[in-house]
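**Student:** Counting the sequence shown from 1 gives a position; my numbering is that position plus 4.
Don't read these hints as lab results, they were simulated from the structure. Owing to the predicted nature of the structure, the values given are computational and were not obtained by experimental measurement. Idealized CB from N, CA, C, for every residue including glycine.
Listed below are the simulated SDA-like cross-link pairs for lysine to any residue, each with C-alpha atoms no more than 25 Å apart in a straight line: (1) K118 <-> E54; (2) K18 <-> I48; (3) K167 <-> G157; (4) K222 <-> E49; (5) K252 <-> D111.
What follows is a set of in silico ranges between Cβ atoms, one per label pair, in the way DEER data are often shown: (6) E83 <-> D156: 46 to 52 Å; (7) H17 <-> S64: 20 to 26 Å; (8) L292 <-> E83: 25 to 31 Å.
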Amino acid sequence: MLYPFKFRPQLFHKLWGGHTIEKWYDHVPADYENVGEAWVISDIEKYPTEVSNGPHTGDSLQDLLEVYMDELVGGKVYETFGNQFPLLMKFIDSEDDLSIQVHPGDDFAIEHEKSLGKTEMWYVLPAKGSSAIYLGWKQQMNASLIHAAIADGTLSDYLREYKVHEGDVAFIPAGTVHAMRKDTIVAEIQENSDLTYRLYDYNRVGNDGKKRPLKLDKAMQVMDFSPKNEASCVSTVPRFDGVVNLKKTPFFTTNLLSPTRPIQRDYMLLDSFVAYMCVEGQCKVTALDGEAEDNSVSLKLGEAVLIPAALNDILIEPQGHCKLLEVYVEL
Numbered sequence: 005m006l007y008p009f010k011f012r013p014q015l016f017h018k019l020w021g022g023h024t025i026e027k028w029y030d031h032v033p034a035d036y037e038n039v040g041e042a043w044v045i046s047d048i049e050k051y052p053t054e055v056s057n058g059p060h061t062g063d064s065l066q067d068l069l070e071v072y073m074d075e076l077v078g079g080k081v082y083e084t085f086g087n088q089f090p091l092l093m094k095f096i097d098s099e100d101d102l103s104i105q106v107h108p109g110d111d112f113a114i115e116h117e118k119s120l121g122k123t124e125m126w127y128v129l130p131a132k133g134s135s136a137i138y139l140g141w142k143q144q145m146n147a148s149l150i151h152a153a154i155a156d157g158t159l160s161d162y163l164r165e166y167k168v169h170e171g172d173v174a175f176i177p178a179g180t181v182h183a184m185r186k187d188t189i190v191a192e193i194q195e196n197s198d199l200t201y202r203l204y205d206y207n208r209v210g211n212d213g214k215k216r217p218l219k220l221d222k223a224m225q226v227m228d229f230s231p232k233n234e235a236s237c238v239s240t241v242p243r244f245d246g247v248v249n250l251k252k253t254p255f256f257t258t259n260l261l262s263p264t265r266p267i268q269r270d271y272m273l274l275d276s277f278v279a280y281m282c283v284e285g286q287c288k289v290t291a292l293d294g295e296a297e298d299n300s301v302s303l304k305l306g307e308a309v310l311i312p313a314a315l316n317d318i319l320i321e322p323q324g325h326c327k328l329l330e331v332y333v334e335l
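Work out the full structure: start from the sequences and follow the hints.
**Tutor:** See the structure below:
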């Protein structure tokens, strides 16, 4: 039975995590000092999200894929990815700087890690402090210069720093060196991958009392050393009751919806699932052509809902202010 699927987020304590997004959820483990990440739609093997509404409550995203296949994700998506959901969607809350890092592209990841690569985008949410990110190099780099900068703690001097505000969008192609700075909160859409190669971590130690491991050899193999690539950081302005395209890539398309009144979305011509991530306020989402008795779900800040590809007529009813990221795959 197909209907809009909500999932129970997977929460993660992180050394650099904050205390904002943990307030969005009612199942934070008692021993967590903070919550750094909330994975709201995940098919990562060790950390799948499970359905939290309707007849499929308790089923994982993988369970749904095995039953519904192309009806869940779309014909071309299923033909390309099989029983693997192509995206991972999460919220990230950084009270401290994240490590300076890079992600591999698909070719390297498939050959060396048996995984998809990791191209991603961030949508910036309000935070308590002055938010910023590192994104790409200021100048042409090489391995010797990078190793020297890591050794003397000056690697960040070579990175472009952007002050970011609510609604800014950062696009981070695989191979781009980047990091979130402290007091930054984002919604992240990315390929279905958990691969991160750390270059520099400010000499911090983990819970085991040891410095967190770096992966310099692999990082050097996948890194773009040029200051000129497709990475970008841009500001966006919402269009009330309209659609703003934030990013269209071969991996995902992301739009911003800002409804102030009920709106309908028609996906008849779209051969893909659609996911909504709520980044402000709350709303009700109803599949007008759904199969279940109750085809409606409530959605609030920090939550997500997956609309199966077989459902095409969707009603969004905002409850006060509401902003949604609308995400799908176009192949």
